[in-house]
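The chain contents come next:
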Amino acid sequence: MGDLLEIIGGVFLVLGSITMLLAAIGMYRMPDFYNRIQVATKASTLGLLQVALGVGLIMPGWAPKLVVLFVFILFTNPISSHLVARAAYFTKVPMSKDTKIDKLKESISKAHLKTVKTKA
Amino acid sequence: MKNNALMFLTLMSVWVLLNASLDPTLLAIGAGVSLLISFAFCSKCDVISGINLSPKAIAYSFMFVFVFIGELIKANISISKRVLAPSLPINPGIVQVKTKLKSKVGRMVLANAITLTPGTFTLDIKGEDLFIHWVDVKSTDVDGATKEIVSTFEKYLEVMYG
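Those protein sequence lines, which keep their order, are chains A and B. Using the numbering used here, the letters of the first sequence correspond one by one to residues 1 to 120. Using the numbering used here, the letters of the second sequence correspond one by one to residues 121 to 282.
These are calculated hints, taken from the structure and not from any lab test. Bear in mind that the values here come from a model prediction, so they are computed numbers and not experimental data. Beta carbons: idealized from backbone N, C-alpha and C, even for Gly. Hints may be right or wrong, so weigh each one.
Reference listing, derived: stretches of chain A covered by chain B, where coverage requires no fewer than 3 residues with Cβ under 8 Å from a Cβ of chain B [unchecked claim]:
{"no.": "1", "stretch": "5 to 17"}
{"no.": "2", "stretch": "20 to 34"}
{"no.": "3", "stretch": "65 to 71"}
{"no.": "4", "stretch": "87 to 96"}
If you want a taste of the chain A side facing chain B, the calculated C-beta under 8 Å gives, among others [said to hold, decoys possible]:
{"no.": "5", "residue": "GLN38"}
{"no.": "6", "residue": "VAL39"}
{"no.": "7", "residue": "LYS42"}
{"no.": "8", "residue": "MET59"}
{"no.": "9", "residue": "PRO78"}
{"no.": "10", "residue": "SER80"}
{"no.": "11", "residue": "SER81"}
{"no.": "12", "residue": "HIS82"}
{"no.": "13", "residue": "LEU83"}
{"no.": "14", "residue": "VAL84"}
{"no.": "15", "residue": "ASP102"}
{"no.": "16", "residue": "SER107"}
Examples of chain B residues lying across from chain A (beta carbon under 8 Å, computed) [to be verified]:
{"no.": "17", "residue": "SER181"}
{"no.": "18", "residue": "MET183"}
{"no.": "19", "residue": "ASN196"}
{"no.": "20", "residue": "PRO209"}
{"no.": "21", "residue": "ILE210"}
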């Protein structure tokens, strides 16, 4: 029984490593900052879920701590990435040439026009 | 009072999970410190109190967790396919969507869930408008994008945060 759990845990550890590896490849291949941060955020969250699950199966005593760890990562990972991306956007990090549409820019320029009009 | 109680429960469960034991001394220390913190610092924190505590909302919360993990796995499969395809098939852009959720926490959870699901990433929130970076833009108008991105989670979050 213990052996079986260890094997399943090992499988999850390998799956988590593969997820992280794919994220690394994605970081290298994506054309601009925004696409890169997309890949990094999703893969690191799922990769950590898989690694934590694997460790929990191999060492069942650590399971409660791993749950707390994963919940913290689940809440903080998207928030920190969102903040980094938002800061990048407002400091005008360039977007890839393939970018089709930018609604945020339109909304910002509209708001800008409104303030100019009210001042005049 | 509800805020304090919720804060106390949250702190206490983290303490118990981290210690992984039910030793009475440890429990007493944890309860004392949690009580102190929740009453000293949490008379006005409305972050957790947005949560609806009816049985239906709790059931929806559990369903939300499973839907969310399913979406997270789908997100990774789709992004892996894109990354490994030699032609790198991406079609990025920033779209605007609208949410019906009113509470702050509901919007925060929605934005986080969007960040962790297929090809979408929350860049900015202004009131009820979310600006989302999308790796594969399927529709550029507000309604189409809202239907594609937000509606999966919104039906659960509407019940959870009322």
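Right, here's what the structure says about each hint:
1. 5 to 17: violated (count 0)
2. 20 to 34: holds (count 8)
3. 65 to 71: Contact hint for the stretch 65 to 71 of chain A vs chain B: holds, 3 residues under 8 Å.
4. 87 to 96: It holds, with 3 qualifying residues against the three required.
5. GLN38: 5 Å, holds
6. VAL39: Constraint on VAL39 (chain A) satisfied, holds at 6 Å.
7. LYS42: 5 Å, holds
8. MET59: It is violated, given that the least Cβ distance between MET59 (chain A) and chain B is near 11 Å, above 8 Å.
9. PRO78: 4 Å, holds
10. SER80: 10 Å, violated
11. SER81: 7 Å, holds
12. HIS82: This interface hint holds because 5 Å falls under the 8 Å limit.
13. LEU83: Since the shortest Cβ distance to chain B is 10 Å, the answer is violated.
14. VAL84: 11 Å, violated
15. ASP102: 5 Å, holds
16. SER107: 7 Å, holds
17. SER181: Violated: closest Cβ of chain A sits about 13 Å from SER181 (chain B), beyond 8 Å.
18. MET183: Result: violated, 17 Å to nearest chain A Cβ.
19. ASN196: 5 Å, holds
20. PRO209: 10 Å, violated
21. ILE210: Holds, about 6 Å.
Violated hints for the displayed structure, listed by number in ascending order: 1, 8, 10, 13, 14, 17, 18, 20.
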